[in-house]
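Protein chains in written order, with this note's numbering: chain A, 4 to 320; chain B, 6 to 422.
No farther apart than 30 Å at their CA atoms in a straight line, the calculated lysine-lysine pairs in the DSS-like style are these:
#1 A:80 with B:350
#2 B:420 with A:80
#3 B:112 with B:77
Pair ranges (Cβ atoms, derived):
#4 A:110 with B:313: 55 to 65 Å
#5 B:260 with A:293: 46 to 56 Å
#6 B:260 with A:114: 42 to 52 Å
Hints listed in this document are in silico derivations from the structure and should not be mistaken for laboratory results. Just so it is clear, the structure is predicted and the values come from calculations on it, not from any experiment. Glycine residues also receive a C-beta, built at the ideal position from the N, C-alpha and C atoms.
Below, each chain spelled out in residue letters.
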Amino acid sequence: MKALAGRYVDLAIWLGLATLPYWIGAAGGYTSLGTRVVVMALAATALNFLLGFTGVLSFGHAAYFGLGAYGAGMTIKYLVPSTGLGILVGVAAGTAAAAIVGALIARLRGVYFAMVTIAFGQVFYFIAFRWNAVTGGDDGLSGWRRLPIDLGFGSIDILGNDQAFYYLTLAGFAVAVAVMAALLRSPFGRSLLAIRENERRARFLGIPVEQHIWLSFVVSCFFVSLAGALYALLNNFADPHDLRWDQSGDFVIMAVLGGMRTFWGPLVGAAIFVVLQDYLSTLTDNWMSLIGVFFILVVMFFPRGVLGMLRRRKATS
Amino acid sequence: MDEHTESPGRRRMLKAAAAAGILQATGPFIISARGEQPIKIGLNDPLTGTYAELGKNEQIGCEYAIEQINAKGGILGRQVQLLVEDSTSADTGAAVQKARKLIDRDKVDFLLGNVNSAMAVALGQVSNERRIYHVVTGGHTDAVTGSDCHWNVFRVCNTTRMETNSVSKTLFSKYGKKWYFITPDYAFGHTLQEGFEAALKQYGGTEVGADLVPLGATDFSSYLIKAQAAKPDVIIFLQAGQDMINALKQAVQFGLDKRFHIAGAQQELEVLDGLSPNARIGTWVFEWYWNQPNVPHVAEFVAGIRKRNNGKVPTARHWFGYVAAWTCALVANQAKTLDAVKLAKATENFKLPPEVALMPGETFYRAGDHQLMPTLYVGHAQEKGSAPEDLFHVDELVKGVDAALPVSETGCHMKWS
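Generate coordinates for the entire structure from the input sequences, incorporating the hints supplied.
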């Protein structure tokens, strides 16, 4: 029965996402808000692969998000005007950087890991911020835009058609989420859970802990850079802020807000965060305080996040 | 247990579906009333973070303009409504999102903003994609009316190059040809320095040194000591906001103002207001100044803004917002249309009337790059003026056309579509 209920939840979520452009207008939103929710959800879910399922807190994921963004933007601007290739290069750049950085930090634990990820994140931020000639510096990388995707037999206009771009993003999200779910169900994923629960015991069982954490970090960053590439295409712009530590903080907030021990938690967290920000900031200049208060309340009273709370209520009723 | 917990979810889903259906059915009735709806102008500006004060000042300018526009009959006989969205000060993604919200959801007819240069460029791209008439209020980077120019985008504030060009000649002829730069290390500072270097080359001066200072620095002492040792004629400060306040305070503490001439490009009333009187030094450029006794309508504008600005005089930011909003109304009423392409064509070489321009000389939007050609106010900061808020003394008026690069050198290739 429980598995069945879970399947209903999955179905409802996918149905909601698949029909989103048709109801979001009536709900007071707009299509690109939905796209932003999906992109942020992808980033937060990817971060949660590491945070919620491996038990390692990274505060520097924005660096790989930003590398994805700049990789996509710079490919389209300087190299080849192709959206698909832009995404590929962005993801490759983010993943390659993560593979190198990950190898250097996989031995660190807890707050030291978090601090070093911030430090490496800021390195990439300052490169983007200061290398004016190539990245546009503080002014951002502009003068390019996403281009229709050529499929050979026809092309999809993702620039003029917001809906088409939403579905491209959703497709990316679906594939990413499916791969992460499959990985978590595999022996590799189970080993990650074991590391999260008790690292010493996992080590005694013969699990190569450092390699597993490294691989989990790389997988997580792979999908974060995909989110970054899609984000740059959404804005037709890459911005050094995408790489900054406070953007990393936003991802962590989304994951914690939704519930980091649940698979769909980051999606819920990202939706709440993005929609709340969009809605509140129109009403008042003090919207940041309100989001902050909301976050504090969630952490104090529902430390398992919104989804964790719902699940607990279900279990006790 | 699970059966029980499932059913409310399903019922709730059904309710939600029904509600969505009802909303969709009511949609068309609202749309049919569009004819009587007000004209919407969307302002996308930072209301939180570093640039909050500047953004809010632009907002006050817009609101004042819209009150006047409505009193004079609105746009094409319809009342005008201002929608304001917080773009944040640093997150360009949020700014782009808010622009889409204004355009896609709120269906604004005109878009205004932004203070932040990166956001101004990014918003130009969005408005161009959506074919919405867009006036950039206060983002100074050259790209907005240069390499990233668009047929639908116009700009009120000056380019960085106009600011450096307007003051260079005075500095060179009056204060000497050896210059030292103290530049904030980001795109804005770099382009200002490049502008001054181009002028130095043209006049045959020398750059005796330059320091790149990280953004948000509080301690300038090491740079000031180096500058002093290089024995320049002029020390040029290119900081903005709080950085400029810190730099000038420390320059005065070091006594540099007694031995060298202090100067720079863009200076704002907000900064001079934040300095102690003895640190109000140096030669600068103002983009608009409130104390212009001989220019008609300025006194009236100052009085009007004072009422909404806690009794304070307007700054250049108020003027940017005011001019941007009025530009939309004036052009639409003259061209008798809301069609973005026709509006954009009508704005080329459009001259602002004196009650909106509020400056001496001709003020118009240049056809090739859509840059406003205003008057620039070159002068010096002063400890005490005729009024408590008179912190700047205008020495020279420079015409925008003389300060701006010719269109062919801006890098703008206007594509109409």
